[in-house]
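A.B. asks: For reference, the chains in residue letters:
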Amino acid sequence: MKNIDLNTFAFSGRAMDEIADLRALDAQDKTEMLMSGVDVTGKGRSGTYLQIDHRKVHCQAKTPGVEILDIKDALKKYGGLPEYMWTQVDKDKDEYTRSAAENLHGGYFIRTEKGAKIPDPVQSCLFLKSDMVGQNVHNIVIVEEDSELHIITGCSVAHGSKGAAHLGISEFFVKKNAKLTFTMIHNWAETTVVRPRTGGVVEEGGVFLNNYVLLKPVKDLQSYPSISLNGRGAVARFNSVIVAPQGSLVDTGSKIMLNAPETRGEIISRTIASGGRIIARGFIGGNNVPAKGHLECKGLILGGGSIHAVPELEGTVDGVELSHEAAVGKIAQEEIEYLMSRGMDEDEATSTIVRGFLNVDIMGLPDELKAVIDSTISETEKDMF
Amino acid sequence: MLKVEDLHVKIGDKEVLKGINLSIGESETFILFGPNGSGKTTFLMTLMGFGNYDIVQGRITFRGEDITHAPIYERARLGIGMSFQRPPTIHGLKTRHLVQMCGQGREVDVDGLAARVNMTDFLERDINSGFSGGEIKRSELLQLMAQEPYLVLFDEPESGVDLENMKLIGDTVRKLLTGNGMPQPDVSMKEIKARRQTSGLIITHTGYILDYIRADRGQVMYDGHLCCEANPGEILDHIGKYGYQECLRCLS
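From first to last, the protein sequence lines stand for chains A and B.
Count along the first sequence from 1, add 26, and you get the number used in our numbering.
Count along the second sequence from 1, add 26, and you get the number used in our numbering.
Derived from the structure by calculation, the hints contain no laboratory data.
Note that the coordinates shown come from a computational prediction; the quantities given were computed from them, not determined experimentally.
Quick reminder that beta carbons are idealized off the backbone N, C-alpha and C, glycines included.
The reader is advised that the hints may include incorrect statements.
[What the hints assert, rightly or not] Ranges between beta-carbon positions, derived for each pair:
(1) 91/B with 330/A: 33 to 43 Å
(2) 273/A with 156/B: 38 to 48 Å
(3) 232/B with 258/A: 47 to 57 Å
Isolated chain A, as found in the complex (with noise of 0.2 Å):
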């Protein structure tokens, strides 16, 4: 993976005003927010965050129970939060890690209270809006104790958007026998170029969910979140759901330590490559007993492109269950075939099957949201077949 010369971006001088009605937003703004599934009238939804470019715009949590600051106003009101801040992810780790490290633009502090179960999810945007800007983003999620948080969280820039780089480190702290979901969904354009650099820690009892989509192009991404599951009983999943259209290189994975005895870790991928290059990795680390992983990695490539899995399993105790399948290929013509025997034609049983393999029904998203990823899927299927 080449390195991205920072130099090119601007990361200062785009500090937007606070936006107090976030429908005030221009409608494209609006339209690229919503397909990375944040709606500005924030309707069933407990709270939202909104970043422009340099600055957080708005800022405001709905419900009892969950907090949501500014990750600047959160350091200043928690003493710079030192159990939190950096013990996930290394500040030396890369030019991106020291670049956010640095010159710190804002990014989300979400925390529940300890036992608060959080009805509707909390919407959060990364949003680039000028040319070739730069954001260095850092977030915080805690969920306490006992307590369940949905953060729906799309990252996505201004339509028409000549270039743009986004640097979010990203550290998730599960307490004992709490849950988070967590849903990315990337909406990026053909020029940005991206490198999130995310980890997080589960402790005993705790879930860890995390759904990230990534449908649109997008220049440059590389991302591999790791998550350590330290306490008895915790649980990770991962599933991924990726196209890379014609010009996209899209590095990414998921890594899962299994360092607790009775933890679980699963990571699923379904990625296509209609075009782009995809690089799909995956890492379970069994170093407990008992613990079980498994890694599922499968890549169709239709219409062009390239796809490199590389699952890995490294099991250092006795005992350790891990296993992985990976397949990278084509739609099989016999499933086709079956499908048009039913009166399908061919695209539409092409559709049926990419669908299915896509299968973001499993991550259990809010209708609305569903209705926005299928309507995606649709658009990008058009450079399919």
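Position chain B against the provided structure of chain A, taking the given hints into account.
C.D. replies: Frame of chain A; chain B shown alone:
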């Protein structure tokens, strides 16, 4: 309903069907017997229009239309429905969704139909994923019921099915062929029968299916030829006693 004339089919370089002639009329059920490898499945796959089956000679007409080279979905839309012996699993495609799509735009009472073939618990499962032999048959029947074809192609309805399932499957096949109507005060049984005209072409080895349906005619396929037209029950008796050896004599 269906007319096949001098049909020659190749798979690769090998000629598997060597001049098949067959007519199936409206509401008629035709039973196809024959040893393994004689070309029965090839015949059904060719009628449905699958790739890999090269029609090198002959013609297939269905309800007045020449479908010799029509794509699969056109045949399905014209009213040919097929029950597969080993259908593929399609991950992420729920049985419910597929059954709905079988209606080809018509509203389908998926739950009602599923209850009739004991498939309610399978509607939210991926189609054919981990289905047993009997479950595959019931799932195929469920799709056919939603599809409401004029001609049902059935490849070995009894294979891989236990006795308990056999009755359910046999009864369902009968209803599919004869319609499920009951006589009403204002509609006679005769009228109900006249309304639905489903024909059947069924491959069977064991003949168990004949205990459940009224089969009109039967023939034996042997080495790519059709021979020995007779009452299906008689053919079955004959094969039971003498095997398929007699076919050889008959053809030579």
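A.B. asks: State for each hint whether it applies.
C.D. replies: Status of the hints after comparison with the structure:
no.: 1; hint: 91/B with 330/A: 33 to 43 Å; result: 38 Å, holds
no.: 2; hint: 273/A with 156/B: 38 to 48 Å; result: 40 Å, holds
no.: 3; hint: 232/B with 258/A: 47 to 57 Å; result: 55 Å, holds
Consistency with the previously given hints is maintained throughout, with no hint failing.
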